[in-house]
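Trainee: The chain contents come next:
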Amino acid sequence: MKGTLHNLSLRLGQVDQRHVRVGLVVLTLVLFVLGAGAPSASGG
Amino acid sequence: MILLVAIIVGLLAGLIRAWAGGRQLASPHFRLTGLVPAAFLPQLLAFYLPSPQGLWANHSVAAGLVGSQIMLLVFAWYNRRQTGFLLLGLGLALNLWVIALNGGLMPISPDMASRLNPDIPTYAWEAGSRLGNSKDVILPIAETRFWSLSDRFFLALPAWFSYRVAFSLGDILIAAGAFWLLWAMGRQGSAARAGWVRPQLAIGSQYNRTT
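Top line first, the protein sequences correspond to chains A and B. The numbering used here numbers the first residue of the first sequence as 1 and each following residue consecutively. The numbering used here numbers the first residue of the second sequence as 1001 and each following residue consecutively.
Only chain A is shown next, with the shape it has when bound in the complex (with noise of 0.2 Å):
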């Protein structure tokens, strides 16, 4: 039980482990194309 709880723990630490890196990924990617871009919309 002990055992299986540990595992629990360790699993869903490296899943929000790896939503957060996936998050700041796509973050860093959003930043970077807004920066990298200059496409001009209606209205200015």
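If you are wondering where the hints come from, they were derived from the structure by calculation, not from laboratory data.
Here are some chain B residues the structure puts well away from chain A; computed CB gaps all over 10 Å:
#, residue
1, Ile1016
2, Leu1049
3, Arg1080
4, Gly1103
5, Pro1121
6, Pro1158
7, Arg1187
In silico contact screen, one side only, chain B against chain A (beta carbon under 8 Å); selected entries:
#, residue
8, Ile1007
9, Ser1068
10, Ile1099
11, Ala1178
Quick look at which bits of chain A chain B covers, simulated, 3 or more residues with Cβ under 8 Å:
#, region
12, 16-27
13, 31-41
This one's a predicted model, so the numbers in the text were calculated from it and none came from an experiment. The C-beta atom is built at its ideal place from N, Cα and C for all residues, glycine as well.
Model the placement of chain B on the given structure of chain A, informed by the hints.
Mentor: Same frame as chain A, now just chain B:
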């Protein structure tokens, strides 16, 4: 917005690809990540946050944009081995090239500016003035250096959407690179490739139990 659409579509495509293969989205490991928010900050102040017209002098905005894009180019160079970054870097380099050669802002012709804003006739645009709060500067085609790299492409969504956008060849490459990178995040075995996050360790695996 058109570039954000590329990111949203790419992310959805990568998620569907990963889901179809029974995998999780992999995440590439970028180098010099802190450079990106630092580079974006001047652009955030000049172009994205609401500010009164004329708050920033045009030459300050131009210097900020060129400096910011040089920093982003350094980031792209350090991450050039990542999927999609050749396109991202090339698109950025083309934009930076035409921006730097035309005084620090992306040139757009009066004709294109009027297509974006049909209420304003072509002759009403003043050469050298900024187009609203955007990165664009009004320049006649004859006065534009490397006009082919400027915001010369036009896209109008159906009338009920009321959205028109002008964009450059560099913008197309940037959108394609962003899509490719996100699509690759759903690829089989992508996490195990060099430079990408290692797959999770098999905690409590059969191998561990038998040893």
